[in-house]
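Enquirer: Chain residues, written in single-letter form:
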Amino acid sequence: MKMIRAIVRPEKEDAVVLALEGAGFSAMTKAHIFGRGKQKGLTVGPIHYDLLPKVLLLLVVNDEDVEKVLSVITDNSKTGFIGDGKIFISAIEKAVTVRTGDGL
Amino acid sequence: MKEIMAVIRQSKVKETISTLAAAGVDSVTVHSLNGRGRQGGDIMQVVDPLMSTNVESVSKIWKFQTPSSMATDSTLTKPVFWVPKSLLDLVVEEVPEEKVIDAITSVNRSGSYGDGKIFVLPIEDAVRIRTSERGAAAIA
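Residue numbers (this note's numbering), protein chains in the order written: chain A, 1 to 104; chain B, 1 to 140.
It cannot be assumed that every hint is accurate.
Stated by the list, open to error - In silico DSSO-like links for lysine-lysine, alpha-carbon gap of 30 angstroms or less:
no.: 1; chain 1: A; residue 1: Lys78; chain 2: A; residue 2: Lys12
no.: 2; chain 1: B; residue 1: Lys99; chain 2: A; residue 2: Lys2
no.: 3; chain 1: A; residue 1: Lys68; chain 2: A; residue 2: Lys86
no.: 4; chain 1: A; residue 1: Lys12; chain 2: A; residue 2: Lys68
no.: 5; chain 1: A; residue 1: Lys68; chain 2: A; residue 2: Lys78
no.: 6; chain 1: A; residue 1: Lys38; chain 2: A; residue 2: Lys86
no.: 7; chain 1: A; residue 1: Lys2; chain 2: B; residue 2: Lys2
no.: 8; chain 1: A; residue 1: Lys94; chain 2: B; residue 2: Lys2
no.: 9; chain 1: A; residue 1: Lys86; chain 2: B; residue 2: Lys2
no.: 10; chain 1: B; residue 1: Lys14; chain 2: A; residue 2: Lys94
no.: 11; chain 1: B; residue 1: Lys2; chain 2: A; residue 2: Lys68
no.: 12; chain 1: B; residue 1: Lys99; chain 2: A; residue 2: Lys94
no.: 13; chain 1: A; residue 1: Lys68; chain 2: A; residue 2: Lys2
no.: 14; chain 1: A; residue 1: Lys2; chain 2: B; residue 2: Lys14
To be verified - Looking from chain A toward chain B, a few residues come up when the C-beta cut is under 8 angstroms (computed):
no.: 15; residue: Thr29
no.: 16; residue: Ser90
no.: 17; residue: Ala91
no.: 18; residue: Glu93
no.: 19; residue: Lys94
no.: 20; residue: Val98
Stated by the list, open to error - Computed beta-carbon distance windows for the label pairs:
no.: 21; chain 1: A; residue 1: Lys68; chain 2: B; residue 2: Val30; range: 26 to 34 angstroms
no.: 22; chain 1: A; residue 1: Thr100; chain 2: B; residue 2: Pro96; range: 17 to 25 angstroms
no.: 23; chain 1: A; residue 1: Ala91; chain 2: B; residue 2: Pro96; range: 16 to 24 angstroms
no.: 24; chain 1: B; residue 1: Glu94; chain 2: A; residue 2: Ala95; range: 18 to 26 angstroms
Rather than coming from a laboratory, the hints here were simulated on the basis of the structure.
In this text, a Cβ means the ideal position worked out from N, Cα and C, and glycines have one as well.
Please construct the entire structure, taking both the sequences and the accompanying hints into account.
Expert: Spelled out as structure tokens, the structure:
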């Protein structure tokens with residue numbers, strides 16, 4: 001099992017979530033967060049925005065579904081400009097459903 | 001060293017934290033966020049008026065009927081596609097993970113959907129910023 005943490009643009013959140021639901025991955029957690037990348041934020045004229053609003057999507061999927069989820073997220077959140085976000089994947093040793101005590 | 005992430009109901013956070021403290025885990029980080037499971041949300045009779053409604057666009061997917069999307073025609077109930085949840089984040093070294101999982105499930109298991117999930121992740125290293133201690137000493 002893998003945990004996928006995707007940081008996407010807030011305006012792309014609906015598109016990504018709809019596409020994930022359409023692909024059969026309806027279970028996820030989201031958080032509204034602030035972050036910045038290598039460019040250290042955004043400067044528009046004299047105004048500097050140090051941290052930009054982003055949406056963090058958190059999914060746990062089986063190993064064989066990882067590539068599919070990655071392509072769904074990238075296809076729907078890509079604009080080609082700086083700030084499209086990052087996707088991080090980490091290993092999950094164990095998952096427990098509180099209601100039943102079983103796995104996912 | 002293990003990281004344990006538990007997505008639970010917001011109303012159970014206080015009780016969970018006190019139960020974890022009794023089990024020997026004192027340090028915890030709490031995030032407030034929105035989540036949903038395989039049911040695609042929830043159908044609520046009473047909905048928090050402050051809850052955002054712009055998330056209903058998710059109902060545009062009709063080919064995957066979820067309890068929530070089937071209720072969009074009903075005026076008696078309101079589908080909620082994102083349920084407010086809390087994420088407890090703890091890193092444990094001495095206390096066995098099974099003990100932590102048992103403590104969380106004992107408080108949070110109500111038997112209905114939405115009780116939450118617990119994930120266990122490996123942690124490679126930890127640093128206490130105040131003293132620069134590494135590894136197990138950092139979280140002891």
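Enquirer: Each of the hints needs a verdict: does it hold here or not?
Expert: Comparing the hints with the structure gives:
| no. | hint | result |
| --- | --- | --- |
| 1 | Lys78(A) <-> Lys12(A) | holds (9 angstroms) |
| 2 | Lys99(B) <-> Lys2(A) | holds (23 angstroms) |
| 3 | Lys68(A) <-> Lys86(A) | holds (16 angstroms) |
| 4 | Lys12(A) <-> Lys68(A) | holds (18 angstroms) |
| 5 | Lys68(A) <-> Lys78(A) | holds (15 angstroms) |
| 6 | Lys38(A) <-> Lys86(A) | holds (12 angstroms) |
| 7 | Lys2(A) <-> Lys2(B) | holds (15 angstroms) |
| 8 | Lys94(A) <-> Lys2(B) | holds (11 angstroms) |
| 9 | Lys86(A) <-> Lys2(B) | holds (24 angstroms) |
| 10 | Lys14(B) <-> Lys94(A) | holds (24 angstroms) |
| 11 | Lys2(B) <-> Lys68(A) | holds (28 angstroms) |
| 12 | Lys99(B) <-> Lys94(A) | holds (14 angstroms) |
| 13 | Lys68(A) <-> Lys2(A) | holds (13 angstroms) |
| 14 | Lys2(A) <-> Lys14(B) | holds (29 angstroms) |
| 15 | Thr29 | holds (4 angstroms) |
| 16 | Ser90 | holds (6 angstroms) |
| 17 | Ala91 | holds (7 angstroms) |
| 18 | Glu93 | holds (5 angstroms) |
| 19 | Lys94 | holds (4 angstroms) |
| 20 | Val98 | holds (4 angstroms) |
| 21 | Lys68(A) <-> Val30(B): 26 to 34 angstroms | holds (32 angstroms) |
| 22 | Thr100(A) <-> Pro96(B): 17 to 25 angstroms | holds (21 angstroms) |
| 23 | Ala91(A) <-> Pro96(B): 16 to 24 angstroms | holds (19 angstroms) |
| 24 | Glu94(B) <-> Ala95(A): 18 to 26 angstroms | holds (23 angstroms) |
Every hint, counting from the list given before, is met by this structure.
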